[in-house]
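Chemist: Chain residues, written in single-letter form:
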Amino acid sequence: MNPIKTFVPIINGLKITLGHMFKKPITLQYPDERPKVATRFRGLHALNVSHNKAKCVACYLCPTVCPAKCITVEAGEDANHDKFASVYEIDMLRCIFCGYCVEACPVDAIKMTGEFELANYRREDFVYSKERLLEKK
Amino acid sequence: MLNLTIDDKQVTAPKNSTIYDAAKLNGIKIPILCHDKKLKPFGACRMCLVEVEQMKGRQIPACTTPVTEGMIIRTATPDIIKARKMVLELLLLNHPIDCPICDKAGDCDLQNLTYEYKVDANRFTDEKFQHEIDYNNPLIERDMNRCVLCGKCARICDEIVGFGALTFISRGIETKIGCEFDEALNCEFCGSCVSVCPVGSLLARPFKFKARFWSLTKQKSVCGYCGTGCNLTLGVKDNKVLTTLYDENQGFHNGQLCCRGRFGYQFINSDKRLTKPLVRKNGVLVESTWDEALDAVAARLKGAGSSVAALATPRLTNEELLLFKKLMVASGSNNFDHSAGYAHAALTAGFARSFGSTAAPSTILDIQKSSLLLVIKTDAYETHPVVGFEINMAVKNREARLSILSDKRGKLSKLPDAKTLVHVPGTEIAVLNSLARIILDDKLTVDSAAALPGYAELVSSLAPFTPEAVESQSGISAADLRQLATTYATTEKALIIFPIGQAYPGHNAALATAVANLAILTGKLGTEGAGVLCLSEKNNSQGAVDMGFYPVDGGSDASLILDGCSAGSIKTLFVAGENPLISYPDHARVKSALDKVECLIVSDLFLTETAAMADVVLPACSFAEKEGTFTATDRRIQHIKPAIRKVGQSRSDFDIFSALITRLGGEAPATPSALFAEIAASVPGYAGMSYITLGEEGSFAPVEVKPVLTAATAATMPACAAGTFALLTGSALYHNGTLSQYGEGPMHVCPEGYLEISRGDAATMKIGENDLLTVTSDTGNMKLKARITPRMPQGVVFTPYHFSGNPVNRIWSGAAVTGVTLAK
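In order, the protein sequence lines correspond to chains X and R.
In this text, residue positions in the first sequence follow our numbering: the first is 17, and each later residue adds one.
In this text, residue positions in the second sequence follow our numbering: the first is 32, and each later residue adds one.
Just so you know, not all the hints are guaranteed correct.
As the list claims (entries may be wrong) - Just so you have them, the derived chain X footprint on chain R, three or more residues with Cβ under 8 Å: (1) 43 to 57; (2) 130 to 138.
What the hints assert, rightly or not - Here are the computed lysine to aspartate or glutamate pairs in the EDC-like style, where the Cα-Cα straight-line distance is at most 20 Å: (3) R:Lys241 - X:Glu90; (4) X:Lys99 - R:Glu658; (5) X:Lys71 - X:Asp141; (6) X:Lys69 - R:Asp129; (7) R:Lys68 - R:Glu279; (8) R:Lys251 - R:Glu658; (9) R:Lys241 - X:Glu151; (10) X:Lys85 - R:Asp269; (11) R:Lys303 - R:Glu775; (12) R:Lys271 - X:Asp98; (13) X:Lys99 - R:Glu163; (14) R:Lys241 - X:Glu131; (15) X:Lys99 - X:Glu131; (16) R:Lys159 - X:Glu90; (17) R:Lys46 - R:Asp110; (18) X:Lys146 - X:Glu131; (19) X:Lys99 - R:Asp165.
Hints in this document: simulated from the structure, not taken from any laboratory.
No experiment lies behind these values; they were computed from the predicted model shown.
Ideal Cβ positions, reconstructed from N, Cα and C, are used throughout, including at glycine.
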């Protein structure tokens, strides 16, 4: 047994440990402490609102581009004969948070927020309806 | 064929083709917005510019320039691409570019070309159009802001449909497509304009915002309404038929459809569809299981012998009709019939006798080869609109002459140089007999005619039908009759077009014989462009006849079956798809028969008036859910495949009949294709066919003609009493049978029955448009809205028969002409 080969790595390791004792901790005391997410973070979707209604015109590009096929859109015709999404649902159990929907949207109607706490107790609660997805102000 | 060079490739092209056609023929794609293969070249969009070396490198439109020998053409030089980009920039200048909300996106020629030519910026700026959008029309939405003024809609409406609803209005920068005086669209609603629009200016409103083009599954099929046998492409998403799609390469009609074909598909996924079997318990129809329902039916059928009878709709496939017949044979009965019995008599009795075959010899393709079309009744347009388009095209593009023998005028009468001879209702046979007599008297017959069986009898039977005698009877002048007979006999390629159907009881075996006599005497027996084309009413009427689904060997026909039900000799009646209570003549008689029959079994898509009286109701499938073959009116056999899964627990009639045959201890064929093999082996003309050989195009079953001359006896028509009107029944342009009531499109345009009356009569009786009239005949009375038209002769009124809300059979007991009185 070579004492140098045995003890030097241990000492090196302890050195790192000792070093960290004098640094600011990385670990967060979640949920008491909240992480600060980057602006480009891809979390829960939100439907942008303009003039008190969703900007979405139900063009079906997001369900078309979605690789996980988690978006369900149904178009409707409003009183002014304009197209709007009468149904807009995202199944968060299927979503892979790739952000293609945001990229495909021609009218800037969908964005991804910093919201990442998506745990739920029931499966059906993971299907986000249009009301739940509307941008909160 | 001419030799030319396109893009350094040596190619050949027919002499009369354009550069565009020549390039397309040789697989070279030239971009274009204003071209459709059915339409005449127009040269509106300037996208198809090409360079021709002989023309000093000038840019010329490919779609309007004919090819010449030795032409050297370049289709994609940098200069041309630059010019095309500029054309696109100018088109996009006023276009709203609202692709996200435009239903055309994905199928839009302008969008595709913009993408292909990478036009992502515009050097010019201008205001967008601010035309008012027509949202009010239930079928066609017009947004002229998106229009590129290619003129295809206006041209198809004029050249093919012959209606002329749309045209260019205003001038210069304000030019747009619109109706007369920029008013609302009020046309035939065939949707041809929608089908050819290269952008989203004309859209099918029933499909608005329903789905994106790219998400639709396209399933080719055959239309389930009339006997024309038009090919359809169904747009399917999530197991629902959402629309019909246009394919200019489909069928003899090049994708052209009528209102019911294009807009009448909603019955397939209607909420009113039956999804579970119903069995009557304690007087009420309650939901049940298939086993219980089929056991109940099998118990009634087993060993029932001639106490059981069947009525089928000719909308079933050939395989289903044959299987239904086998089911009846298995239960020991030969009482089966379709289409009220008389609607197919022209084929099964008339042509069977005269031509030796239960079909007429000509095909729809003959219309475009003929130089004289003799149409019996203007209704040929209403019963078979796409055949009507073919007639329009023959007359307008090929200058075929058109003569019409009819009891009223109609759309066909308006075609250029169309000659309509309007006769007194019910005198068709006398008129045709007098034509035959003139042909005989003037020795215009073919030489072989005198040797044909029945010649002598025919000559003697025609004695009373001198043109002068018939003039006084029919109201057509002797001179007109002589002229028509001479023209018909001396024109080598003359085609008689003869519609039949449930609403046309006068188009019976005798009239078919009279029609056939004319053709036989003049030797027009199914050579190219000459002969007789019989237009049978439903999509498989000809198939039902070919499958022998009509009484032979002493079986009862539909009329006797109903009598048997009333008399108690028929105890079980199995009705597949028919709605006799509405579509058969004499409502009271049908009602009492259905009331009295011990057990009524109905298989249908909907809980029709007849199904509501049934003891067992079996939910059946539409044509979009099953496999089989349909035989079009000209014996074109076409194969259909399922486009969607069966709705609810419904089963195809094939499955229903198979299950019942098995329950009766027989052996049912496993699949429709196995049964079709049996059909191919046994039905004359079908030999050698299989689903594989039919392919997408289908194939014709040849008709072998063995001409026999037979006297056509005109049934003496009781003259309508003084002060009464002659009521004619028939088809409305937007409907076919009673099924189209479940299609939203037809019901938007024509939701209820009406009574057409001449202007003169309306003025005398002070009747206004839409006045509610009480129409009374010997058998009953009903209320119908008046529709005043210039096409009706005085003293003649017309009503279509399709509507459950106004069943015409309350006043119509199956006579060709019924005397009625009108009161406000």
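Chemist: Taking the hints in turn, state whether each one holds.
Modeler: Structure-based check of each hint:
A stretch counts as covered by a chain when three or more of its residues have a beta carbon under 8 Å from one of that chain; for the segment 43 to 57 of chain R and chain X the count is 0, and the coverage is violated. Residue count for the segment 130 to 138 of chain R with a Cβ under 8 Å from a Cβ of chain X: 4. That meets the three needed, and the coverage hint holds. Proximity of Lys241 of chain R to Glu90 of chain X is assessed by CA-CA distance (about 8 Å); at most 20 Å being required, the pair is judged to hold. The hinted pair formed by Lys99 of chain X and Glu658 of chain R fails the criterion: a straight-line CA distance of about 37 Å is larger than 20 Å.
Taken as a hint, the Lys71 of chain X and Asp141 of chain X pair is broken in the structure, with Cα atoms around 24 Å apart against an allowance of 20 Å. Restraint check for Lys69 of chain X and Asp129 of chain R: satisfied, since their Cα atoms lie roughly 19 Å apart, inside the 20 Å limit. Only pairs whose Cα atoms come within 20 Å are accepted, and Lys68 of chain R paired with Glu279 of chain R is accepted, the gap being roughly 7 Å. Proximity of Lys251 of chain R to Glu658 of chain R is assessed by CA-CA distance (about 12 Å); at most 20 Å being required, the pair is judged to hold.
Taking the CA atoms of Lys241 of chain R and Glu151 of chain X, the gap is about 26 Å. The hint is violated against a cut of 20 Å. Note on Lys85 of chain X and Asp269 of chain R: the hinted pairing holds, with a Cα-Cα distance of about 14 Å set against a maximum of 20 Å. Proposed proximity of Lys303 of chain R and Glu775 of chain R is supported: the alpha carbons are some 12 Å apart, at most 20 Å. Simply put, Lys271 of chain R and Asp98 of chain X have alpha-carbon atoms about 24 Å apart, too far for the 20 Å limit, and the pair is violated.
Taken as a hint, the Lys99 of chain X and Glu163 of chain R pair is honoured in the structure, with Cα atoms around 17 Å apart against an allowance of 20 Å. Among the hinted pairs, Lys241 of chain R with Glu131 of chain X is inconsistent with the structure: their alpha-carbon atoms are about 32 Å apart, more than 20 Å. Distance check on the hinted pair: Lys99 of chain X and Glu131 of chain X sit about 29 Å apart at the alpha-carbon level, beyond 20 Å; violated. Between Lys159 of chain R and Glu90 of chain X, the direct Cα distance comes to roughly 29 Å. Violation of the 20 Å bound is thereby established for this hinted pair.
Distance check on the hinted pair: Lys46 of chain R and Asp110 of chain R sit about 28 Å apart at the alpha-carbon level, beyond 20 Å; violated. For the proposed pair Lys146 of chain X and Glu131 of chain X, the alpha carbon gap of about 16 Å is at most 20 Å, so the pair holds. The straight-line distance between the Cα atoms of Lys99 of chain X and Asp165 of chain R is roughly 15 Å, inside the 20 Å bound, and the hint therefore holds.
Violation of the numbered hints given earlier is confined to hints 1, 4, 5, 9, 12, 14, 15, 16 and 17; the remaining hints are satisfied by the structure.
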